[in-house]
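Trainee: Chain by chain, the residues:
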Amino acid sequence: MDIYLPIAEVSLDVFVLLGLGAVVGFLSGVFGVGGGFLLTPLLIFIGVPPTVAVASSANQLVGASVSGVLAYWRRGVVDFKMGYVLLAGGLAGSLLGVWIFTLLKRLGQIELTISVGYVLLLGTLGGLMMIESIRTQLRLHRPGAQRRKLHYHNWMHGLPLKARFRRSKLYISALLPIALGFVIGIFSAILGIGGGFIMVPAMIYMLGMPTAVVPGTSLLQIIFVAANVTVLQAYTNRTVDAVLALVLLVGGVIGARIGSRFGTRLRGEQLRLLLALMVLAVAAKLAFDLTVSPADLYSVAPERE
Amino acid sequence: MSIRVGGSAVRPSRSGIPLPALMLILLWISPAHAEALVADLTNHLIAITTGFTGASVVLFGAIDRPGDVVVVVRGPDREMTVRRKTRIAGIWVNSQEVTFTSVPSFYFVASSRPLAEIVSPATAGLYGLGIESLQMKPWNTASPEVIDEFATALARTQQRAKLFPNSVSRVNFIGERLFRTTIEFPANVPTGTYLVEVFLIRERDVVSGQTTPLVVSKVGIDADVFGFAGRQPGLYGAIAVFAAMVAGWLASLPFRSA
Chain U
1 MDIYLPIAEV
11 SLDVFVLLGL
21 GAVVGFLSGV
31 FGVGGGFLLT
41 PLLIFIGVPP
51 TVAVASSANQ
61 LVGASVSGVL
71 AYWRRGVVDF
81 KMGYVLLAGG
91 LAGSLLGVWI
101 FTLLKRLGQI
111 ELTISVGYVL
121 LLGTLGGLMM
131 IESIRTQLRL
141 HRPGAQRRKL
151 HYHNWMHGLP
161 LKARFRRSKL
171 YISALLPIAL
181 GFVIGIFSAI
191 LGIGGGFIMV
201 PAMIYMLGMP
211 TAVVPGTSLL
221 QIIFVAANVT
231 VLQAYTNRTV
241 DAVLALVLLV
251 GGVIGARIGS
261 RFGTRLRGEQ
271 LRLLLALMVL
281 AVAAKLAFDL
291 TVSPADLYSV
301 APERE
Chain A
306 MSIRVGGSAV
316 RPSRSGIPLP
326 ALMLILLWIS
336 PAHAEALVAD
346 LTNHLIAITT
356 GFTGASVVLF
366 GAIDRPGDVV
376 VVVRGPDREM
386 TVRRKTRIAG
396 IWVNSQEVTF
406 TSVPSFYFVA
416 SSRPLAEIVS
426 PATAGLYGLG
436 IESLQMKPWN
446 TASPEVIDEF
456 ATALARTQQR
466 AKLFPNSVSR
476 VNFIGERLFR
486 TTIEFPANVP
496 TGTYLVEVFL
506 IRERDVVSGQ
516 TTPLVVSKVG
526 IDADVFGFAG
536 RQPGLYGAIA
546 VFAAMVAGWL
556 ASLPFRSA
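Chains U and A are the protein sequences, given in the same order. The first sequence begins at 1 in our numbering and counts up one residue at a time. The second sequence begins at 306 in our numbering and counts up one residue at a time.
Isolated chain U, as found in the complex (with noise of 0.2 Å):
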């Protein structure tokens, strides 16, 4: 049965993009990941076009987030102050990306940097996670391996503004969580991704916080920055097609309660190491698409009044 969608401007079988959404909510469900990173070039791949695919996956982004962090907050672990800091810097961040965004696409170079922009996205992470896997399968096998210190300090401790937060049990400077939803929300903005992939280990790794607040948190800065993404898209560009989001969440919600209750059953790292041969997967099929001769040199774009 085909869905027209009204701002993508094309039919699509419903039942594809539901099975779309499942995929990524199974996936969430699964890994605790957003999904976004893959969704949008899924929905380039099935012929939305991919300034559309960018903005609606920033809409769909706004429900998967918002029922994550309910989820994470009657379990307590979501770090409100520290949340709404890398908020502060995550609006500018993607006011400064729909800016790009705007203007990457009336010098007709959106597309190529989208796609450009997830290859490098995906490759980097798909690769990093390869490797961690790899690397923990083998300390598995040799118990007597060394512990990491719990955090290093370096010249990230001597900035200024310092701040309390309470939940994270850290003491730093605000400045660093600023800048750090700064640079996600322009990746947010261009690459229509909560950022949810890069998030997660930069708290882990550069800030420092517990790892039990960090997804709950992270999800809580996500909703407010796709949320005012979304926004700024539909003013700016027109491309968020509500109908498209609302029936990938639909399919999400499906695909999400299966991916958590199949996730209980696989090992963590096979699970790790099978999200990251996906991701190169994706991030291959990209890059070759950037590469083959393209079947007409000439491509037509209608100018919007």
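Hints listed in this document are in silico derivations from the structure and should not be mistaken for laboratory results. Each hint should be verified, as a subset may be incorrect.
As the list claims (entries may be wrong) - Straight line, CA to CA, 30 Å or less: simulated DSS-like cross-link-like pairs of lysine-lysine:
(1) U:Lys105 / A:Lys442
(2) U:Lys285 / A:Lys390
(3) U:Lys105 / A:Lys390
(4) A:Lys523 / A:Lys442
Knowing the structure of chain U, use the given hints to seat chain A on it.
Mentor: This is chain A only, laid out in the frame that chain U set:
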């Protein structure tokens, strides 16, 4: 020569009168009014709804005495940018661009005989008969060869999207005075007010013409969403966010009971 603007009332004319009956009426009344050319469409509104897969509209009419008929359908003019990719470091990158103004978003042409046999190139150019005679003006100041290359690429892309025809369709005559042709609109047909022009040609010249509007419009919830997103983009974005938040909240509810 007179161009008459007819069919001013834009309405979905789904009247119960079958087409052959309409044509009979036309045949009967046309000599009495001594009109050189009368034509109408079976439908003046193409409604794009959820699950729209394209539409076809029949144009029918009568002429007072034997001649040739050419039908041209033009969608609203758009400004279109054509970009050319070149390979830079192994990656295909958009490098050169030409923007054309007044490109018809949809174009269709039908003729009772091959165009070259019935009109001179000058007349075809004047009335925009045939793809070759479309006047697409470039914005950039590139050389004529480059402009030509980009214009060809534009026409090719539009043809692939079925928005420009690959060939001239046929206007079929039933006897010497009644004619009909079928206009096919693809699923991706652009919205707006279209102009359906019918030309009566005798001795290589246009002797009579008629213009009828045809509206292509999104209807239903999709149209409301699209229209609203265009008119109130900020509010639309806010509602999209709110809807997603409510959906996310609803999604998290059953987890509590579990």
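Trainee: Hint by hint, note whether the structure agrees.
Mentor: Now for the hints, and whether the structure bears them out:
| no. | hint | verdict |
| --- | --- | --- |
| 1 | U:Lys105 / A:Lys442 | holds, 23 Å |
| 2 | U:Lys285 / A:Lys390 | holds, 20 Å |
| 3 | U:Lys105 / A:Lys390 | holds, 15 Å |
| 4 | A:Lys523 / A:Lys442 | holds, 29 Å |
This entry satisfies every hint, going by the numbered hints stated previously.
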